[in-house]
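Going by the numbering used here, the residue at position 238 of the first sequence is 244; the numbering climbs one at a time, nothing skipped.
Since the hints were derived computationally from the structure, they do not count as laboratory data.
There's no promise every hint is true.
Unchecked claim - Between beta-carbon pairs, the in silico distance windows are:
{"id": "1", "residue 1": "Arg53", "residue 2": "Leu357", "range": "55 to 65 Å"}
{"id": "2", "residue 1": "Asn120", "residue 2": "Asp273", "range": "37 to 47 Å"}
{"id": "3", "residue 1": "Val106", "residue 2": "Asp273", "range": "45 to 55 Å"}
{"id": "4", "residue 1": "Asp246", "residue 2": "Gln92", "range": "46 to 56 Å"}
{"id": "5", "residue 1": "Ala380", "residue 2": "Lys267", "range": "54 to 64 Å"}
Ideal Cβ placement from N, Cα and C applies to all residues, glycine included.
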Amino acid sequence: MKKVRFAPAPTGYLHVGGARTALFNWLYAKNTGGKLVLRIEDTDAVRSTEESTKAIFDSLEWLGIDWDEGPFFQSGRKEIYRKYAQELLSKGLAYESDEVKGAHKAVIFKLPDNRKIVVRDLIHADVEFDTSVLKDIVLMKSDGTAAYNFACVIDDHLMGITHIIRGDDHISNTPKQILLYEALGFPLPEFAHVPLILGPDGSRLSKRHGATSVGQYKKEGYFSKAFVNFLALLGWAPGDNREKMSIEEIIKSFSLERIGKKGAIFDVKKLQWLNGVYIREMSLEALTSAVLPYLEESGITNKDTDEDHFKFIISLVQERLKTFSEITELAGFFFAKDIEYDESAVKKYLLKEGVAGILGKIINEIEREDAFSAAALEKSFIGVKEEMNISNSKLIHPVRVAVTGSAASPPIFETMIGIGRENCLKRLKNTLSFLNAGKFPFKIQGPGANA
RNA sequence: GACCCCAUCGUCUAGUGGCCUAGGACACAGGGUUUUCAUCCCUGCAACACGGGUUCGACUCCCGUUGGGGUCGCCA
Numbered sequence: 007m008k009k010v011r012f013a014p015a016p017t018g019y020l021h022v023g024g025a026r027t028a029l030f031n032w033l034y035a036k037n038t039g040g041k042l043v044l045r046i047e048d049t050d051a052v053r054s055t056e057e058s059t060k061a062i063f064d065s066l067e068w069l070g071i072d073w074d075e076g077p078f079f080q081s082g083r084k085e086i087y088r089k090y091a092q093e094l095l096s097k098g099l100a101y102e103s104d105e106v107k108g109a110h111k112a113v114i115f116k117l118p119d120n121r122k123i124v125v126r127d128l129i130h131a132d133v134e135f136d137t138s139v140l141k142d143i144v145l146m147k148s149d150g151t152a153a154y155n156f157a158c159v160i161d162d163h164l165m166g167i168t169h170i171i172r173g174d175d176h177i178s179n180t181p182k183q184i185l186l187y188e189a190l191g192f193p194l195p196e197f198a199h200v201p202l203i204l205g206p207d208g209s210r211l212s213k214r215h216g217a218t219s220v221g222q223y224k225k226e227g228y229f230s231k232a233f234v235n236f237l238a239l240l241g242w243a244p245g246d247n248r249e250k251m252s253i254e255e256i257i258k259s260f261s262l263e264r265i266g267k268k269g270a271i272f273d274v275k276k277l278q279w280l281n282g283v284y285i286r287e288m289s290l291e292a293l294t295s296a297v298l299p300y301l302e303e304s305g306i307t308n309k310d311t312d313e314d315h316f317k318f319i320i321s322l323v324q325e326r327l328k329t330f331s332e333i334t335e336l337a338g339f340f341f342a343k344d345i346e347y348d349e350s351a352v353k354k355y356l357l358k359e360g361v362a363g364i365l366g367k368i369i370n371e372i373e374r375e376d377a378f379s380a381a382a383l384e385k386s387f388i389g390v391k392e393e394m395n396i397s398n399s400k401l402i403h404p405v406r407v408a409v410t411g412s413a414a415s416p417p418i419f420e421t422m423i424g425i426g427r428e429n430c431l432k433r434l435k436n437t438l439s440f441l442n443a444g445k446f447p448f449k450i451q452g453p454g455a456n457a
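Build the full structure now, drawing on both the sequences and the hints.
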C-alpha cells in the first residue's frame, strides 16, 4: 500500500504551491488506493502559529483534500526525536556542538567525506551529490527541538511513508536525508520532486506577483472545483487534450510519470477562464448561494427581493461572470437605490441630440402600459421607435445607460424587468433631469476599469 | 560564487527517432451570432534556445554553450 504525506509548516497561510503539492499527494493516494498522512511541521516554536494551522486546515477543506491519518504535530514528538539523536550520538555518528546558543547543546550529524549520494527521483532522473559540498547536519537545535531534516526523516519512516512527493526546492535536502536514513538504518522511500509554481516573471511565485494564498483565491470568488482543476493542470497533463476535468477524472488519470520537470507559471487568465466555464455550468441554486455573500458584504442586496426574482437576476449575469465576486460589479445596479453612471457611456449615448425627447417618450409609453413584461416592453419600444422614426439602437442604448448606468448589460428587456417597473421609471426620469442639469453622478473609475 | 535542476507558441502543455508542413487549451487579433456586454461559432497569430555530434533519419539520444530557476540557517 502506498502512503504519502503532506507536511506543511504552520508559519503562514497555505500557499498555492503547497496546495498543489498537497493535491498531487492526495491524487496519488486516491489513484493508487493508498493513504495520505497530514503532518504539521511545527518544530519552530517561534514562527508556528495556531492561526496558520487553522488556515491550512480551512484551505485544505475548501480544496476538498482530506487525509487518512493525522494531523500529527511534530511539536508533540520531541521525545521521539531526542531518542534517535541520542542513538546517533552514542554510535558516534553525531556530536554535540560547542557553540552555546540556547538551553541545550545542539546535536549535529557528522557528514562522511567525499561520498557520492544518488537521489533516485521519480520525476527527475538520478541526481548525484557529493558530500564534500554539504555541511554537517543539525539534528537537534539548542532550544531542544528537532531540526527539519531530522524530524522529517524520522517521521516519514515511523509513519510508513512510501513516496515522498514534495517541492523541487527540497531536492538539495534529499542527499542529507538519505544519509540520515542510512545512519538510522531506515529503508529509503521513493522520492518525487515536483517543479515549483512560478510567477509571471519566471521566478518562484511570491507575494510580489499577487495573490499566493489559497484563501485569497477563495475570497476573490473562485470556485474550489475550478481552482483544483486548474492546479492539477499546472505541471501535470492527462496527455489527451482534456482541460476541464472532474475530480474523478483527474484521480483516474493521475500519475507521477506525467508530471513535468519544468517550473510552471501561474496563469491567472487561464484560471479565470476555467472558473467561468464552471460558473456557467452551475445550477442557479448553487450559483445564487455562492454569490450571495459578496452582495451581502457590499451591502447592496435588497431584503425585499424575493428568491425567484433574485435567481432571475443571477440567471441574467451567469454567463458573464468569471468569478463570484464580480457579481457586485455586474449585478449591483439591479439592487442599488441610486445608480452611478459610467462617464464614457453617458458621453457616447446620452449626450446626443434628441435623447431627452426619446427618453421622455419611452417614459410615457411605459406609464401608459399596465403590464411590465418583455412583450409589453417590446410594444412600448416599437411605439416610440415608430412615432419618432428612429432606429432600434437609437432607443435601446440610451435606455440601457439610463437604467443601468452602463453601456453593457444583459438584454435590455430582461434587464428592465430585473430592475422593476418603478425603478426603471424612476431612473429614466432621474436621467432626464441629470440631462437637463447637465450633470451626472459618475462612477469613480477604479484602476484598470474600462468604460 | 559553489552545487543542483530545467529548456516546444506570450502562458499551460501534447510529442518518448520517421505518424511533425509540431497537435490542443488560455491569451491576443479578425469575423459571425447578440443592434450592447458576455456566451457560442469560425479564422488567424505564434514555438522545438544555440552549436556540435550519434543515426539512413532528430523536437525526441549524447556533449557543450547560453538562458532561466532552486539550494546553500540551530526556517521548513
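Range hint 37 to 47 Å: satisfied by the CB atoms of Asn120 and Asp273? Between Asn120 and Asp273, where Cβ atoms are some 44 Å apart, the hint holds.
Does the beta carbon distance between Val106 and Asp273 stay inside 45 to 55 Å, or does it fall outside? Taking Cβ atoms as reference, Val106 and Asp273 lie about 50 Å apart, which means the hint holds.
Whether the CB-CB distance between Arg53 and Leu357 falls inside 55 to 65 Å: Holds: the Cβ-Cβ distance is about 59 Å, inside 55 to 65 Å.
Consistency of beta-carbon spacing, Lys267 to Ala380, with hint 54 to 64 Å: Given about 57 Å between the Cβ atoms, the range holds.
Go ahead and decide if the range 46 to 56 Å is satisfied by the Cβ distance of Asp246 to Gln92. 53 Å, holds
In summary, the structure agrees with every hint in the numbered list given earlier.
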